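Turn these sequences into a full structure, and let the hints steer you where they fit.
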Amino acid sequence: MQPNALPPELISRFRAVSLERIERIEAAWATAIQEPDKRHVSQEILRDLHTLKGDAKAVGFAEVNRLTHRLEDLVVAAQEHGFHVPDDLDLVVTMGLRFAAVLMRKKAGGALGGIDLDGFIRQVDEVLAEMQRMPRPRARTIDEDVPLPLDPGVTDQLAVETLHKLAAVATSMWLEWRAGGRRSSRLRRAFDELSAQVTRLRAVPLGARLRRHVHGLPELARELGKHVALELELGDVQVAPAVADAIDTAVMHALRNAVDHGVERPELRRLAGKPAMARLSVICQPLGDELLVHIEDDGQGVDRERVRCRGLELGLLDGAAECSDEQLLSLLFMPGFSTRRVVSEVSGRGMGLDAVRTGLSRLGGRISLASTPGHGTTVTIVVPRQWNALDVRRLDGTGGVVLALPACWDVVEQDRAAPTRVLDPLERLGLGTGGPGTLLVVRSGALELGLRLAAQAGMLVRAARVCPTADDHPCEVLRAEGEELLLVRPDGLELGGEVT
Amino acid sequence: MDGKNVLLVDDSDIVLGVGKLLLEAAGFAVRTAQDLRQLDAVLTSWSPDLVLTDVNMPELNGQELCRRIKAQVAREDVPLVLMSSLGDTELALLAKRCGADAWLSKDQGLERLPERVLALCEGGPS
Chain A
5 MQPNALPPEL
15 ISRFRAVSLE
25 RIERIEAAWA
35 TAIQEPDKRH
45 VSQEILRDLH
55 TLKGDAKAVG
65 FAEVNRLTHR
75 LEDLVVAAQE
85 HGFHVPDDLD
95 LVVTMGLRFA
105 AVLMRKKAGG
115 ALGGIDLDGF
125 IRQVDEVLAE
135 MQRMPRPRAR
145 TIDEDVPLPL
155 DPGVTDQLAV
165 ETLHKLAAVA
175 TSMWLEWRAG
185 GRRSSRLRRA
195 FDELSAQVTR
205 LRAVPLGARL
215 RRHVHGLPEL
225 ARELGKHVAL
235 ELELGDVQVA
245 PAVADAIDTA
255 VMHALRNAVD
265 HGVERPELRR
275 LAGKPAMARL
285 SVICQPLGDE
295 LLVHIEDDGQ
305 GVDRERVRCR
315 GLELGLLDGA
325 AECSDEQLLS
335 LLFMPGFSTR
345 RVVSEVSGRG
355 MGLDAVRTGL
365 SRLGGRISLA
375 STPGHGTTVT
385 IVVPRQWNAL
395 DVRRLDGTGG
405 VVLALPACWD
415 VVEQDRAAPT
425 RVLDPLERLG
435 LGTGGPGTLL
445 VVRSGALELG
455 LRLAAQAGML
465 VRAARVCPTA
475 DDHPCEVLRA
485 EGEELLLVRP
495 DGLELGGEVT
Chain B
2 MDGKNVLLVD
12 DSDIVLGVGK
22 LLLEAAGFAV
32 RTAQDLRQLD
42 AVLTSWSPDL
52 VLTDVNMPEL
62 NGQELCRRIK
72 AQVAREDVPL
82 VLMSSLGDTE
92 LALLAKRCGA
102 DAWLSKDQGL
112 ERLPERVLAL
122 CEGGPS
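Going line by line, the protein sequences match chains A and B.
With the first letter of the first sequence counted as 1, position 452 gets the number 456 in my numbering; the numbers rise by one all the way through.
With the first letter of the second sequence counted as 1, position 19 gets the number 20 in my numbering; the numbers rise by one all the way through.
By construction, these hints were calculated from the structure, which means they are not laboratory data.
Computed from a prediction, not measured in an experiment: that's the story for all the values here.
Warning: the hint list may mix true and false statements.
Only part of the chain A face toward chain B is listed, based on derived beta-carbon distances under 10 Å [to be verified]: (1) His219; (2) Pro222; (3) Pro245; (4) Asp293; (5) Pro377.
Not everything, but these chain B residues come out facing chain A in the computed CB check (under 7 Å) [unchecked claim]: (6) Val16; (7) Ser48; (8) Val82; (9) Ser86; (10) Gly88; (11) Asp102; (12) Leu105; (13) Ser106; (14) Lys107; (15) Gly110; (16) Leu111.
All C-beta atoms, glycine included, are put in the ideal place defined by N, C-alpha and C.
Structure (structure tokens):
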């Protein structure tokens, strides 16, 4: 786009923002020269120059862009010399910034108004060459790893954090209801309402997520010499982002499998009396607390014989034994199972359905497949609609127990080799975990102590969050779709007195 | 390219303004984020097909930003493209380190942005 084609308000905004930026750079430059200890100031200068350069390029102010580029070089050179710089350098930087301000006020692409930019840039180059010849006071070039004096995590995420806290409140409320013997129906109703609101705040429209396949899939099919049309019947279903992700991944794998394995080439379809264009559909059907998503195709269906052969080859089937159709189809979900000898671009890496099933089961969902030879395949995904009413993180514990910790709790993971002393309180409760990392749940208010102890024990801190407090029982058993989750509450853990 | 969602992340509202204008003129649906709060807000309710991000924001460096975007988009097939006025070599190196899928230099201006984004959306060369 030509600079002239840009809306004038964008140009005025650029001028205003940039002039302000130049003033800021001038002030910071003065500070850096006078107080070389304030190293972080040079980061601010470079950041501002960098943005100024990018903005100038974007709106077509080529001279400002060119000038800023040289100013960056000058500041870097000054930085390399710890800001102990000759007057020449100070002068060209100050002049350069003034020039930039003048250039900013003129029209993009307009005459330079008496500024000899080329001459000035030659002067800058001379100064830079001189700096190159000067010995560096410290053998330090610009260190990319210099931590910026900014504290990430303070300004960001306000809304997201509030949402996490609300979810934590919902979890606490649910625990209170359980601890009170599930007697208070009013508490339960309040929890249901709160968790419904939290879920609604986080919800995303499923349609928006899946719509991209409508264009993407036919393109993919064309590469394989096939013709497909995809229809979505999703209604206005809204789900939690994690549910949307899991559904999206599952739908993507199912559609790719359908195009790769299920749908026949046009000539074969015609021979079978089908239209050359295959029809695929994704149908969404809310059913009580669950959401059903069907992915249907009108292709050739699963080739049972091929699945059987592959199953025998991989030792997943006993050659002599009879095997039901259901058992045979379930092989498709086995890790590493693929009937494709050659890995195709589209699917056939033998990891799709297995990974999809694992992803869904994490959310308490499941996946199944039905197929009629010659007529097509239907993959059905079932996910709970309000899975995140309790905001927990899952961790595999010892003895097949899965721990579910409210996502808002302080969690410290420990390297296996490190001493287990700090873990005593957990282990007393039978909650010591195996697996690649070991877990420590820290009581609210004891985070600092916990982290100190963890550091002493050589622990690796992966996550730290504030946990809610309540009394009574330390844990609750939560059943979720055929498995038991032990929902742990940290209140029973007397960390401080035990370990020090 | 109607309906392709492009998320532009840059701390400069000038670059965001020009980029949005150019991409929308080429038929893309564009959302922008100037800081982490806006980024979170956009990603809570909207799902991009491609993310174009500057390498530096006041709050986070390129690597952290990329990690964060990847975690929030939570889908492997959404290309993440670094966009910066750093030099080509530097940018290529940084893209590799950040796990970005491609990179675009702002040094050549933004005029060619739509065609590069189009190529990336179609899985073409970066």
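Hint by hint, here is what the structure shows:
1. Hint status for His219/A relative to chain B: holds, with the closest Cβ pair at about 7 Å, below 10 Å.
2. The beta carbon of Pro222/A comes no nearer than 13 Å to any beta carbon in chain B, farther than 10 Å, and the hint placing it at the interface is violated.
3. Look at Pro245/A: its Cβ gets to within about 7 Å of chain B, closer than 10 Å, so that hint holds up.
4. Annotation: Asp293/A was flagged as interfacial toward chain B, and the flag is violated, the nearest CB pair being 23 Å apart, outside 10 Å.
5. With a least beta-carbon distance of about 31 Å to chain B, the hint placing Pro377/A at the interface is violated under the 10 Å criterion.
6. At about 5 Å, the closest approach between the beta carbon of Val16/B and any beta carbon in chain A falls short of 7 Å, and the interface hint on this residue holds.
7. Hint status for Ser48/B relative to chain A: holds, with the closest Cβ pair at about 5 Å, below 7 Å.
8. A cut of 7 Å between beta carbons decides the hint on Val82/B: the least distance to chain A is about 15 Å, and the hint is violated.
9. Contact between Ser86/B and chain A, as hinted, is supported at the beta carbon level, the nearest pair being about 5 Å apart and thus within 7 Å.
10. A least Cβ separation of about 10 Å between Gly88/B and chain A goes past the 7 Å threshold, and the interface hint is therefore violated.
11. For Asp102/B, the shortest C-beta to C-beta distance to chain A is roughly 16 Å, which exceeds 7 Å, and the interface hint is violated.
12. Interface hint status for Leu105/B: violated, as the beta-carbon distance to the closest one in chain A is roughly 12 Å, over 7 Å.
13. For Ser106/B, the interface hint is violated, since its Cβ never comes within 7 Å of a Cβ in chain A; the closest pair sits about 10 Å apart.
14. A least Cβ separation of about 5 Å between Lys107/B and chain A falls short of the 7 Å threshold, and the interface hint therefore holds.
15. Interface hint at Gly110/B: satisfied, since its Cβ lies 5 Å from the closest Cβ of chain A, which is below the 7 Å cut-off.
16. Satisfaction of the interface hint for Leu111/B is found here, the shortest Cβ-Cβ separation to chain A being roughly 5 Å, below the 7 Å cut-off.
The structure fails to meet hints 2, 4, 5, 8, 10, 11, 12, 13 from the earlier list, while all remaining hints are met.
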